[in-house]
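> Now for the letters of each chain:
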Amino acid sequence: MGGKLVHISIRRRLVLQLAAIAALLSLAFFLGVRAVAERAAADTQDNILAASASSIAEALYSERGKIRLDLPYSALSMLGTISQDRVFYRIIDADTTITGYDDLPVLASSGIGPDFYTFPYRGEDVRQVVLTRAVSTGDAIKEVTVAVAQTRLGLAAVSSRITATATAVGVLFFLVATALSLFAAQTALRPLNTMAASVTRRGPNDLRPVTGNTPTELAPLVDALNSFILRLKSSLNRSEDFIAEAAHRVRTPLATVRTQAEVIHRRLEHAEDRTALREMIRAVDESSRSAGQLLDHAMVTFRSDQFEPLDIDLGQLLLDTCDRLRPTADLKDIELTVAIPNTALPFSGDPVLLQNALRNILDNAIKYSPADSMIAVRIEDAKEYRLSFRDQGRGFEGADVNHLSGRFSRGSNVSDIVGSGLGLTIVDEVARAHKGRVIIASNEGGIGACVTLVLPKA
Amino acid sequence: MRYACIAQSLAAIVILSMPATAFEVEEKKLYASSSETRRLKVISTADINVFEPIILAFQRENRNVAIDYVVASSSEVMRAIYDENAPFDLAISSAMDLQTKLANDGFAQDYRSDATAKLPTWAQWHNQIFAFTLEPALLVISKAAFQGLQVPATREELVALLRDNPKVFDGRIGTYDVRKSGAGYLFATQESRNTETFWRLTEVMGRLNARLYCCSSSMIDDVANGKLAIAYNVLGSYAQLRVNDDSELQIVPMQDFVTVMLRTAIIPKTNINQQDAGAMIDFLTSLQSGSDLARQTGLPPINGAKAEADKAMRPIRLGPGLLVFLDSQKRENFIRNWESSITQR
Numbered sequence: 001m002g003g004k005l006v007h008i009s010i011r012r013r014l015v016l017q018l019a020a021i022a023a024l025l026s027l028a029f030f031l032g033v034r035a036v037a038e039r040a041a042a043d044t045q046d047n048i049l050a051a052s053a054s055s056i057a058e059a060l061y062s063e064r065g066k067i068r069l070d071l072p073y074s075a076l077s078m079l080g081t082i083s084q085d086r087v088f089y090r091i092i093d094a095d096t097t098i099t100g101y102d103d104l105p106v107l108a109s110s111g112i113g114p115d116f117y118t119f120p121y122r123g124e125d126v127r128q129v130v131l132t133r134a135v136s137t138g139d140a141i142k143e144v145t146v147a148v149a150q151t152r153l154g155l156a157a158v159s160s161r162i163t164a165t166a167t168a169v170g171v172l173f174f175l176v177a178t179a180l181s182l183f184a185a186q187t188a189l190r191p192l193n194t195m196a197a198s199v200t201r202r203g204p205n206d207l208r209p210v211t212g213n214t215p216t217e218l219a220p221l222v223d224a225l226n227s228f229i230l231r232l233k234s235s236l237n238r239s240e241d242f243i244a245e246a247a248h249r250v251r252t253p254l255a256t257v258r259t260q261a262e263v264i265h266r267r268l269e270h271a272e273d274r275t276a277l278r279e280m281i282r283a284v285d286e287s288s289r290s291a292g293q294l295l296d297h298a299m300v301t302f303r304s305d306q307f308e309p310l311d312i313d314l315g316q317l318l319l320d321t322c323d324r325l326r327p328t329a330d331l332k333d334i335e336l337t338v339a340i341p342n343t344a345l346p347f348s349g350d351p352v353l354l355q356n357a358l359r360n361i362l363d364n365a366i367k368y369s370p371a372d373s374m375i376a377v378r379i380e381d382a383k384e385y386r387l388s389f390r391d392q393g394r395g396f397e398g399a400d401v402n403h404l405s406g407r408f409s410r411g412s413n414v415s416d417i418v419g420s421g422l423g424l425t426i427v428d429e430v431a432r433a434h435k436g437r438v439i440i441a442s443n444e445g446g447i448g449a450c451v452t453l454v455l456p457k458a
Numbered sequence: 001m002r003y004a005c006i007a008q009s010l011a012a013i014v015i016l017s018m019p020a021t022a023f024e025v026e027e028k029k030l031y032a033s034s035s036e037t038r039r040l041k042v043i044s045t046a047d048i049n050v051f052e053p054i055i056l057a058f059q060r061e062n063r064n065v066a067i068d069y070v071v072a073s074s075s076e077v078m079r080a081i082y083d084e085n086a087p088f089d090l091a092i093s094s095a096m097d098l099q100t101k102l103a104n105d106g107f108a109q110d111y112r113s114d115a116t117a118k119l120p121t122w123a124q125w126h127n128q129i130f131a132f133t134l135e136p137a138l139l140v141i142s143k144a145a146f147q148g149l150q151v152p153a154t155r156e157e158l159v160a161l162l163r164d165n166p167k168v169f170d171g172r173i174g175t176y177d178v179r180k181s182g183a184g185y186l187f188a189t190q191e192s193r194n195t196e197t198f199w200r201l202t203e204v205m206g207r208l209n210a211r212l213y214c215c216s217s218s219m220i221d222d223v224a225n226g227k228l229a230i231a232y233n234v235l236g237s238y239a240q241l242r243v244n245d246d247s248e249l250q251i252v253p254m255q256d257f258v259t260v261m262l263r264t265a266i267i268p269k270t271n272i273n274q275q276d277a278g279a280m281i282d283f284l285t286s287l288q289s290g291s292d293l294a295r296q297t298g299l300p301p302i303n304g305a306k307a308e309a310d311k312a313m314r315p316i317r318l319g320p321g322l323l324v325f326l327d328s329q330k331r332e333n334f335i336r337n338w339e340s341s342i343t344q345r
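Going line by line, the protein sequences match chains A and B. In this text, residue positions in the first sequence follow my numbering: the first is 1, and each later residue adds one. In this text, residue positions in the second sequence follow my numbering: the first is 1, and each later residue adds one.
Warning: the hint list may mix true and false statements.
Stated by the list, open to error - Straight-line Cα separation of at most 25 Å, SDA-like style, residue types lysine to any residue; simulated pairs:
| # | chain 1 | residue 1 | chain 2 | residue 2 |
| --- | --- | --- | --- | --- |
| 1 | A | LYS457 | A | LEU310 |
| 2 | B | LYS269 | B | TYR31 |
| 3 | B | LYS101 | A | LEU310 |
| 4 | B | LYS180 | A | PRO72 |
| 5 | B | LYS101 | A | ASP70 |
What the hints assert, rightly or not - Only some residues are given here: those of chain A computed to face chain B with a beta carbon under 10 Å:
| # | residue |
| --- | --- |
| 6 | ARG86 |
| 7 | PHE88 |
| 8 | ILE98 |
| 9 | THR99 |
| 10 | GLY100 |
| 11 | VAL250 |
Hints listed in this document are in silico derivations from the structure and should not be mistaken for laboratory results. Please read all numbers here as calculations on a predicted model, not as lab measurements. The beta-carbon is built from N, C-alpha and C at its ideal position, and this holds for glycine as well.
Kindly produce the complete structure, drawing on both the sequences and the hints.
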């Protein structure tokens, strides 16, 4: 099998092969039917010719030593019953024609039974039967030859009718067989397509094994795929675990380093040293924060996989989160306003995930907001819940907002601020876990940005 | 045996026996056309007075065709085509057996058209013979001769009637001379197949000194003028024409069976105008029974004929069976039997 064949679809190959088989069978059927039917038609003519000849033979008699024939009416009229063919006959005693067509060639009879010949006579092919009969003339017994011939136009007509019918049936058979093989190929390959579709339709984090009814032929493939998924999943888990473990291990010593650095900072007298140490503290903050977000992310990924929703009140959740971050905002003199409808906002979700997401959004907003500004948080209770966080920070300044939620991706204008780029990724994953989405937009007028978390009601 | 074939008196333009041919012509007439571009040569067994309306009607539809119409007996038609290869475009004959022989032995031309496709299968053979009339063989009686006698309804009754009234019928029975008349031979042979009564009837007729005729018309003439009391197996078309005019004549329908002959046309291989011959066949096979033309000619067209409905009607079947009585030995035997019956020797 050449390399090219690999790309041809199984379905097409299956259909082509089945169609070729159907064509062969149709042809065989056509030839078979025609051969049998024509043989039958020819036999019918031969039988009638033989019957005619023997009824003539039985009407032979002798009169005063001469052979005579009282030609039976049925002998010739029976030949007219199946077709409108021309009829010739000749009765010969030795070399003398007793009666009939003098010029009709009579081929030698084997003497055993009726013999049949086909030859041209008077412009047309005729079928001839020849038989001999011994007739007693009183003092001698004479061998009399009876020959009856008939043209074959009726046979030709029957043959062309049979050919037409056999052709029609053969073509019909081929068409039906091809249509059925198309259908069969479709049906046979349906499980494969179904499986491919179900694997394609999966989300990026869906690493469950492929289940469902798979035909035995596909079982090895499914097993291989599942074992691959299992290995991939455990490999991913291992790396997530590793990252979380690493982050955790790094964060605790970093906190110690920071405290010690603060203490030393206070004691330092030279301005240069103090600046250097401040840089150090800043770097430690950055590392610590990254480690924290890595931990958060690992937690979000885990909880998303094992998603177990609880009935919660979104308003209360938002208020709690805001309260927790209010001291941070106060440090920068940022005013945090929260607008929530008076009614309860029931929602089925994972409170830990949601809290994490809200904290990340708010944290970001505070971090990128200038001092003495405002952050407006509100919930709209419409068809879906829309939780919006509007700040007066630097916004996203034309950055591709669609890519901001990717892992470790940050805006182009934030190099001066500590950040890992994982915040929006976490928010995005939490939104997805709740079948929701994140909308990131710059405010109209260019000052600040608005992050909206959209959560569909159950 | 008294043989009484009376010479035909011919009203039409008659040119007796064409010089270069050997077959015997009875009548001949040229139907000219003022705008003649083609000529159709027809040889036929139908008398001119019978066929003329058809020729004229055909010419009204085909104005540029002149028709050369030659009348001959059926055996002479056979001779002209079979033995002499006379160049005719159309051969019309009431002798189905001879027409069949011509077609079977390769003297006829194939012809197919919409009109022939509409013909029932029994009315054509081998795409060469086309029937256009159904003509029963009838018993015609003189009412005067039958006064006080029961009119027979079957051949059995006819045999009994003739046997019981020799004084009335002696020398006053007319029938075909089967040796001379092709139609007579055909009727007789077919009847001999259909019933054993045929031979008894022939015997009785022979004993009563039956007179033998060549043709239906002369037989009917003699019934009309009182020479005959009864004419057996007269062609229906001729009889009908005469009965309409002569109240002394009566047609007696036989209820056991009526032999029905098909008048047929073939296109001989020797034709030179196949186009118009085909047109004439289409014209003939499209004749409708009950039409004016059918009434004028007295010919009963195949279309709408009641032959199939009437069980007593027994149309002679076209096909190789008709060749049987043309077999020389068969014919010899049949004529010998017939002669010994009719002449009582």
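> Against each hint, give a clear statement of whether it holds in the structure.
Structure-based check of each hint:
Taken as a hint, the LYS457/A and LEU310/A pair is honoured in the structure, with Cα atoms around 13 Å apart against an allowance of 25 Å. Taken as a hint, the LYS269/B and TYR31/B pair is honoured in the structure, with Cα atoms around 23 Å apart against an allowance of 25 Å. Proximity of LYS101/B to LEU310/A is assessed by CA-CA distance (about 108 Å); at most 25 Å being required, the pair is judged violated. Between the alpha carbons of LYS180/B and PRO72/A the distance comes to roughly 24 Å, so the proposed pair stays at or under 25 Å and holds.
Restraint check: the Cα-Cα separation between LYS101/B and ASP70/A comes to about 18 Å, which is no more than 25 Å; the hinted pair holds. Here the hint on ARG86/A is kept, as its CB sits about 5 Å from the closest CB of chain B, short of 10 Å. Interface hint at PHE88/A: satisfied, since its Cβ lies 8 Å from the closest Cβ of chain B, which is below the 10 Å cut-off. Using the Cβ-Cβ criterion of 10 Å, the hint placing ILE98/A at the interface with chain B is satisfied: the shortest such distance is roughly 7 Å.
The beta carbon of THR99/A is positioned within 10 Å of a beta carbon in chain B (closest approach about 5 Å), and the interface hint is therefore held. Nearest Cβ of chain B to the Cβ of GLY100/A: about 7 Å, under the 10 Å cut. The hint holds. Using the Cβ-Cβ criterion of 10 Å, the hint placing VAL250/A at the interface with chain B is not satisfied: the shortest such distance is roughly 104 Å.
Checked against the numbered hints above, the structure breaks hints 3, 11 and satisfies the rest.
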